Amino acid sequence: MAAEFGQLFLISALAASLMQFFLGLNIISLDQTNREILITRFTSIHCLTVFLAMLCLGYSFLTDDFSVLYVALNSHTNLPVPYKVAALWGAHEGSLLLWILLLSLWGTSLAYSKKFFDHTLVLKISSLSILGLVSFGFILFIIYTSNPFERIYPFPEQGQSLNPLLQDPALAIHPPILYAGYVGLAVPFALALASLMSSNDYHWAGLARIWAINSWLFLTGGIALGSWWAYYELGWGGWWFWDPVENASLMPWLVATALVHSLIVTEKKQIFNGFSALLAIIAFSLSLLGTFLVRSGVLISVHSFASDPERGLFILMLIGFFTGGALIIYALNQKRSKPLNLNLWSRESLLLLNNVFLCSAAGLIMIGTLYPLVLELVNSEKISVGPPYFNFVILFPFIPLMLFIGVAVFSSWSGTGKKLLVNINRLALLSIVMGLITSYLILGYETPTATLGIILALWTIFTGAMPVIKNLGSQTHQLIKNLPMALAHIGLGLTVLGITVTSSYGITFDDTLGFGQSKQVGSYEFKLITIEDRAGPNFKAKVATVDIFSNNKKVGTVFPEKRTYDSAAPSMTEAGIDSNLFRDLFVALGEDLGGGVWSMHLQFKPLLRLIWLGPFIMILGGLFRLFLLKPFSREI
Amino acid sequence: MLPRHRRFLGICCVLIIVGLASFLILKSFQDNLLYYLTPSDVIAGKAPEDREFRIGGLVVVGSFYREEGSLTSQFTLTDGAATVNVNYRGILPDLFREGQGIIVRGLFNKSRVFIASEVLAKHDENYMPPEIHALSTPTE
Amino acid sequence: MKRILPIIIFIGLFAFLAKSLFQPQTNIPSPLIGQSMPAFSLGELNTDTSLTDKDILGTISLINVWATWCVGCEREHDFLIELAGNQSIDIPIIGINWKDRDDLALRWLSQRGNPYIVVLSDPIGKTAIDFGVYGAPETFLIDEQGVIRYKHIGPLNRENFARNFMPIIRDLRR
Numbered sequence: 001m002a003a004e005f006g007q008l009f010l011i012s013a014l015a016a017s018l019m020q021f022f023l024g025l026n027i028i029s030l031d032q033t034n035r036e037i038l039i040t041r042f043t044s045i046h047c048l049t050v051f052l053a054m055l056c057l058g059y060s061f062l063t064d065d066f067s068v069l070y071v072a073l074n075s076h077t078n079l080p081v082p083y084k085v086a087a088l089w090g091a092h093e094g095s096l097l098l099w100i101l102l103l104s105l106w107g108t109s110l111a112y113s114k115k116f117f118d119h120t121l122v123l124k125i126s127s128l129s130i131l132g133l134v135s136f137g138f139i140l141f142i143i144y145t146s147n148p149f150e151r152i153y154p155f156p157e158q159g160q161s162l163n164p165l166l167q168d169p170a171l172a173i174h175p176p177i178l179y180a181g182y183v184g185l186a187v188p189f190a191l192a193l194a195s196l197m198s199s200n201d202y203h204w205a206g207l208a209r210i211w212a213i214n215s216w217l218f219l220t221g222g223i224a225l226g227s228w229w230a231y232y233e234l235g236w237g238g239w240w241f242w243d244p245v246e247n248a249s250l251m252p253w254l255v256a257t258a259l260v261h262s263l264i265v266t267e268k269k270q271i272f273n274g275f276s277a278l279l280a281i282i283a284f285s286l287s288l289l290g291t292f293l294v295r296s297g298v299l300i301s302v303h304s305f306a307s308d309p310e311r312g313l314f315i316l317m318l319i320g321f322f323t324g325g326a327l328i329i330y331a332l333n334q335k336r337s338k339p340l341n342l343n344l345w346s347r348e349s350l351l352l353l354n355n356v357f358l359c360s361a362a363g364l365i366m367i368g369t370l371y372p373l374v375l376e377l378v379n380s381e382k383i384s385v386g387p388p389y390f391n392f393v394i395l396f397p398f399i400p401l402m403l404f405i406g407v408a409v410f411s412s413w414s415g416t417g418k419k420l421l422v423n424i425n426r427l428a429l430l431s432i433v434m435g436l437i438t439s440y441l442i443l444g445y446e447t448p449t450a451t452l453g454i455i456l457a458l459w460t461i462f463t464g465a466m467p468v469i470k471n472l473g474s475q476t477h478q479l480i481k482n483l484p485m486a487l488a489h490i491g492l493g494l495t496v497l498g499i500t501v502t503s504s505y506g507i508t509f510d511d512t513l514g515f516g517q518s519k520q521v522g523s524y525e526f527k528l529i530t531i532e533d534r535a536g537p538n539f540k541a542k543v544a545t546v547d548i549f550s551n552n553k554k555v556g557t558v559f560p561e562k563r564t565y566d567s568a569a570p571s572m573t574e575a576g577i578d579s580n581l582f583r584d585l586f587v588a589l590g591e592d593l594g595g596g597v598w599s600m601h602l603q604f605k606p607l608l609r610l611i612w613l614g615p616f617i618m619i620l621g622g623l624f625r626l627f628l629l630k631p632f633s634r635e636i
Numbered sequence: 637m638l639p640r641h642r643r644f645l646g647i648c649c650v651l652i653i654v655g656l657a658s659f660l661i662l663k664s665f666q667d668n669l670l671y672y673l674t675p676s677d678v679i680a681g682k683a684p685e686d687r688e689f690r691i692g693g694l695v696v697v698g699s700f701y702r703e704e705g706s707l708t709s710q711f712t713l714t715d716g717a718a719t720v721n722v723n724y725r726g727i728l729p730d731l732f733r734e735g736q737g738i739i740v741r742g743l744f745n746k747s748r749v750f751i752a753s754e755v756l757a758k759h760d761e762n763y764m765p766p767e768i769h770a771l772s773t774p775t776e
Numbered sequence: 777m778k779r780i781l782p783i784i785i786f787i788g789l790f791a792f793l794a795k796s797l798f799q800p801q802t803n804i805p806s807p808l809i810g811q812s813m814p815a816f817s818l819g820e821l822n823t824d825t826s827l828t829d830k831d832i833l834g835t836i837s838l839i840n841v842w843a844t845w846c847v848g849c850e851r852e853h854d855f856l857i858e859l860a861g862n863q864s865i866d867i868p869i870i871g872i873n874w875k876d877r878d879d880l881a882l883r884w885l886s887q888r889g890n891p892y893i894v895v896l897s898d899p900i901g902k903t904a905i906d907f908g909v910y911g912a913p914e915t916f917l918i919d920e921q922g923v924i925r926y927k928h929i930g931p932l933n934r935e936n937f938a939r940n941f942m943p944i945i946r947d948l949r950r
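Each protein sequence line maps, in turn, to chains L, R and F. Its first residue numbered 1, the first sequence is counted upward by one per residue in my numbering. Its first residue numbered 637, the second sequence is counted upward by one per residue in my numbering. Its first residue numbered 777, the third sequence is counted upward by one per residue in my numbering.
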């Protein structure tokens, strides 16, 4: 029965979202107060019905109702309960339901936000109406092409269980977090459109910034978590592959970062209104593009399990409608915000410059991701763009970006460069000296790029921390005013430092190892002790014991595994990792080469943890901005 | 220097930097395009000499050879019409098997053996035309 | 003018994404769908009787093209047996053993079980060509009048059977 109820709730949600849309239109004659009350109610009804639909699907999972196709495909009676919950969004249909649930939750948070006043009420009504339309489109998509409540007949006695690759805590919470980020960008999108269509002033910017920061937080968390999962679960110790699915999440992140900064300018200086609106539209469109790339199967990728041209077509139509429509509204809107009279070294122009760099980075990634498609269309050549392309071209926008980040911190609104130079001189010198010391004396010179990367990372960290350090003695709110920015920039600097050092100084290779034999990896010695059989709950495994020595002193023991699941699936590699803040030591089992010798994948990765510590600190910064600064929000 | 001149100089500098960056980006793009060929394409001489490319095909059954305890393996790839000998030093993917469709990335050495730097296994062993099957099985 | 640029770029990108979606994919619908199946006359495996397309009219049935050399056929075999034993679906499966040796085929069926009501032998692959078969396994859904209603490429399993075959079968029986 639950599935039928779920279906019913989904249809109610469709109706509620349509009501939400129509209530925002002027064709219904209502005064503004009533309109606001009604649209708020329908937004919550819409959210509640989607939530109930999700509960129904959850109930079907928990009661092992295999007559529901989606449950039969993704669950099993002996699948642990937490993974039954995770299986809710483990495949296409459920993940879209989650998408809609999150969209309606964000909509509800907008509806009940206390940030709207009389003069911005019209913004609230129109943006909720737009969100209603977005939701309507996607609920229709679910019902037409990917209904999670579809029954099968005859139903199987047992389900096919969740993909073993997905049976992992990090991956179980990864989709909700990443999706929350994707979908959250719908709110700035709706606010931007609402503003373009009505008052067309800067009021929307302050509101949009809250949701932009929120989704930026989730995107940051989602991307970091995904990379961490790839590192320890996919088996081969890489943490970023420039896979289309990864690119699909990185592009909105870059544009969302630009959006957050552009909104600051629009809110404070009432300029760049059009640019901010455009960024909001692009950011959400890239989220939609991400959904399209993952769900339509147009790109070959290690991640994409679901591919279906019909679904791709539907999503493409949604993209065409929403992005196309938004850009037409943007094009028709010719009103100028303010005559621009920018000083090159003022904070607003530096922020603009960096936003351009961020967007170029997104553009370059997009070219590399979509170009293989073009070539296949034009002369049916099968090609792909290798990771070296991305690794190289990303430097072009990022080197000046990192350089100007520090400058922008010390610049002042509408200011000139005169005072600026004095302030940054010392810090620039400090970063260069420290960077040179680190890269030449501590790590040893590798490449000019590595040295430059280290210097720029330190520069970003120092300049980020400086405004806080300078105000250490002053009042609390002076001190914490700069904290979110400082944390975000320090986090970025740490991430870049981690990426630079790991990729320049890391050691990775495949080799053979016999029992009692050892291999040198950098200054570490890996020694294979034993390989034993072990039986897990639903798999069999070979477990190796590898001791790691440094200067003849044992520093750790790792237990890499090769698992064979009971089902017909191929075997899985579980890496053995010994890590601390400064370095990761990594062993993955290859195969038995005979004669007591195994092939193994060995890695030494210095400062690898910074790649995930950085985003964590960035997220802290965002959280500070959202929650700690609230009492002071009037002043800043 | 007049402000007008300074501005002109500034714009020139920006243009030169942007131009140079675009050139390097385009070049990197060109260099990193990985072509995907079949063994027949390779025999027809389409393989690039100086850069890596990829070959997709089936591992000929019975062609896999690896010395005990060695990391280097040799096998032959076929698309049913032509074959290519491949040499690879490293860990093979979990899905690697004889008769299985795989993709290798690498270059030819002087003696026309393909030295693979990466081996990827494809998943579509499930559906197979008989011609290819016949060629990937040793004659009975 | 400056504001029109984004929409122009978008239209270009959109057109291109749309085109990429309509690229021919592996999921090529058979031109035979909606048409009567080609006429054939094939010998039954290991017997002297032969069967023609006229003999299988009057009931909805599946024609499954398989061979012992095909990995995908091994994979779908258990499902075929399950399907053959399923009283509620109740659909006969006709096997066409394609480019194979009779002795190998018989050994396969005796070892793994026989889901087919009849197995026809097509050693040179003539009938398979008429059916537009590229590889094995492929499965055709034939209605009571002998019209091909659906063609599936690759191994059958519970999922794709439920998703692709069941709705058509249900419609046909209604």
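Rather than coming from a laboratory, the hints here were simulated on the basis of the structure. Small disclaimer: the values here were computed from a predicted structure and weren't measured. Glycine is no exception: its CB is placed at the ideal position from the N, C-alpha and C atoms. A portion of the hints provided could be inaccurate.
As the list claims (entries may be wrong) - Not the full set, but computed from the structure, chain L residues with beta-carbon under 7 angstroms of chain F:
1) THR77
2) GLY320
3) LEU452
Unchecked claim - Distance condition first, Cα-Cα at most 25 angstroms in a straight line; then the derived SDA-like pairs of lysine to any residue:
4) F:LYS778 / R:ARG725
5) L:LYS527 / L:LYS553
6) L:LYS540 / R:ALA757
Unchecked claim - Label-pair ranges, simulated between beta-carbon atoms:
7) R:GLU685 / L:MET434: 40 to 48 angstroms
8) L:LEU105 / F:ALA794: 28 to 36 angstroms
9) R:GLY681 / F:ALA794: 33 to 41 angstroms
10) L:LEU48 / F:GLU920: 44 to 52 angstroms
11) L:GLY595 / R:ASP686: 35 to 43 angstroms
12) F:ALA791 / L:LEU25: 29 to 37 angstroms
13) L:ILE442 / R:GLY681: 48 to 56 angstroms
14) R:ARG687 / L:GLY473: 54 to 62 angstroms
15) R:ARG687 / L:THR476: 58 to 66 angstroms
16) L:PHE509 / R:ASP686: 38 to 46 angstroms
17) F:LYS778 / R:ARG725: 51 to 59 angstroms
So, against the hints stated earlier in the document, which numbers end up violated here? 1, 3, 4, 16
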